[in-house]
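We have chain A; now place chain B onto it with these hints.
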Amino acid sequence: MPLTPELEQVRDEIERLAAANGLDFFPVIFEMVDAGQMNELAAFDGFPVRFPHWSFAMKYDHLRQSYRSGFHKIYEMVLNTNPAIAFLLEGNSLTEQKLVLAHVLAHADFFKNNVYFKQTNRNMLNRFTNHAQQIRRLQAQFGIEKIEKFLDSCLSLQNLIDPLHPFRVPVKQPTGSNSVPDLTPALHSAECRTDKPEADILLFLLEHAPLTHWQEIILNVIRDEAYYFAPQAQTKIINEGWATYWHSRLMAEALLTDATLIEYADLQSSALASGPETLNPYKLGVELFREIAAQDDENGIASENDCFGRVTDPDAKNNGGLKKIFEVRQLHNDLSFIDNFLTKEFFQRHQFFYSEYNSVDDRFEVNSRSFSVVKKKLLQSLTNLGSPKIRVESANYQHQRGLLLSHAHDGIDLKINEARETLANLFHIWQAKVCLETVVDESRILLEFDGSEHHEQALD
Amino acid sequence: MSLRIETDLARFREIIRGAIRQDLKHFLTHTELIGRSGSDTVRVPVHQIRIPRFCFDPLKQGRVGQGPAGNTTNGSSGQKAPASNLSAEHELEAEFSREELAQIMAEELELPDIQPRGKNLLQAEHRRYAGLRSSGPASLRVMKRTFQTALRRQIMAQIYDPENPVTLIQEDFRYRSWKTQPEPESNAVIIYLMDVSGSMGPEQKEIVRTEAFWIDTWLQSQYHNVQICYITHDAIAREVDETTFYSTRESGGTIISSAYRLCLEIISLRFDPDNWNIYVFHFSDGDNWGEIDTQDCVTLLALELLPKLNLFCYGQVESHYGSGQFIDALKQNFQHHDRVALSEIANKEAIYRSIRQFLGKGK
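Chains as they are written, first to last, in the numbering used here: chain A, 396 to 855; chain B, 199 to 561.
Pulled out of the complex, with its shape left as it was, chain A reads as follows (with noise of 0.2 Å):
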């Protein structure tokens, strides 16, 4: 359903005052949903159509039973597209409305502009469509199960991507069989290892695996789809931080009224509510940008924010501050933002710690509020998308082809029976044996799936 009149004037509204104060974005179509519809979308990830698998069904059910209990409430979904695609929630208040609004166009104004999303399809939806035809063909052909067990197994490598590296296109080695991999003569060598370690695992299967022709389409399809959403998982903290920082603003200073400020002031704390369990990206983002804005002015003109994060000096405004927010908002994704911005003098002001689980008590308990330890934790949990670092070292392990990963062990163990797991699904693709090497409790060892069994080695 497309905006009442009555939204349709606001959404100009917010519009003008969006763009005039430098936001920058496509032209967004906006829809209104119902919430069973917001939950579909958020399962599907916020595209009206996927290929068909039970996974979303399973996130949509998770959804559901939780909206049902009040646990949470999904305002707006924004679609990285041009035009850029945005759903509202129907039957929210006008000023949940115009907050929205205001939240959905920072999300335009950043798929527009920042580096990450330069390269990214703006058609994807079509894409989405394509691909869930192409599933549904072969469904139609092979049966739902066989493709689904497939579908399966990729999924299950799906966050097997180099996020450093997001526009390679597999290139099939000539062969003159598809069954036999043609394994590249680094693979050959004596050591069974590559000088180059894989990290991009789908798209080495994509050119090595021994693959039929529809089993490649599926896999593509999973591959094309988890580097669309790479940057999305990339900018997680930067974007919702700079949309919250532009809902504030606008609302603040132009569409707040006295009679719904309070009204705005529960929802903004609600969504702003950190805790101790869990980062609020919404907080720390649009702390960060605040904090950004109001150390450039005070190298020029000296101003404050108030708890609004308004510029409580009108003179103050268009100055070095704002300057550098969009260029902040341009240029980097969450890791190199808080890298960059997160002092420890912003970092003591909000008392951030790292927490670790004791088994004894069944619990998190903190571990430590140092600036530089937590730092890092923070900055490792938003390295390689955090997933684990995982690479291919050899696809002729024990020269029976056998596939060897390697998980670069940076002090977090991985959970074992659900990388057993995973093996499995990985020999389903690879159709021989697939080993990891990897670290637990500090002692290296391999975990190998043969096809019918599960064994584990020590190394050291």
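No lab work stands behind these hints, which were simulated from the structure alone. A quick note: this is a predicted structure, and the numbers were derived from the prediction, not measured. Every residue, glycine too, gets a C-beta built ideally from N, C-alpha and C. There may be inaccurate statements among the hints.
To be verified - Derived DSS-like pairs (lysine-lysine); straight-line CA-CA distance at most 25 Å: (1) Lys507(A) <-> Lys719(A); (2) Lys718(A) <-> Lys507(A); (3) Lys567(A) <-> Lys544(A); (4) Lys631(A) <-> Lys342(B); (5) Lys258(B) <-> Lys784(A); (6) Lys719(A) <-> Lys631(A); (7) Lys770(A) <-> Lys678(A); (8) Lys591(A) <-> Lys784(A); (9) Lys258(B) <-> Lys770(A); (10) Lys771(A) <-> Lys258(B); (11) Lys631(A) <-> Lys828(A); (12) Lys678(A) <-> Lys739(A).
Stated by the list, open to error - Some but not every residue of chain A turned toward chain B, in silico, with C-beta under 8 Å: (13) Met427; (14) Gly431; (15) Val444; (16) Ser750; (17) Ala814; (18) Asn820; (19) His823.
Then chain B, alone, in the frame of chain A:
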């Protein structure tokens, strides 16, 4: 509006059903499930359905949080984070209606559908809208069909005028009509008898409770109207409510015939066998007081109770005290009776087999 996700959802439910079926033994003895079943739906925890990934162990990963920690100063370590009672893994819960659950159980246990007793097939009338007629009350008027009729009539009579398209006359009006259909009425009553003498401990009662849950679930899926009665007995029998049934513990001896007599009395007063499908489930540790009473029971069963019942089930729960002879007497007399099911339940794991023995008869 129907959602696109419905297809995925249907497939997801199928996968969960498959997982439950595979793990049915576990679910049948899952007492937490029963405790939570206040309403018509049951939430079933499903562990193994997920897409596995190479991921960090959440317990070894640590977290970054924000906020002051209690009354400690910054920088000190080893302080406790404000309450974070964790469940490390997000537990997936699927919601099932009891009827759906009964279906899954029936598929896996290969339970036959129940054939209600022939003479009890009561005819009840059921009205259902079917078809149209040309007269009726205004409230049942069907405008779409009325206009279609009018249009057809006007075109046929060649008086159709596009400017003033349809004029309705009395003959055009169509009304919904209904048919009455005879429908077999299916009432059932479940009468649970349980020995509450001293030798039945909490463990034994837990088994009875679990079995009764599944029996209820199954029979409720088979009949429109199911009533449940509870009788406890030691030396004397009493009719009680559900809570009392599972919580009473007496210390007296056991005279089983007292329960059978009370059961008979309830049937003759309230549940005419011509109108009701009657199920009796009796759970005891098999320790009866004296050979004479056991004989009494057999006679009562054979002559008076069984002719009135669809099914008589006796489950003998193993206990530390019970001598367990009662089932032998029943075996001698009713081993091959097609309306008697006998089962020995040694422990929780035996519930699976026992349910199959009870409900596998299709009576």
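Violating hint indices (sorted, rising) | Failing hints, ascending: 4, 11, 13 and 19.
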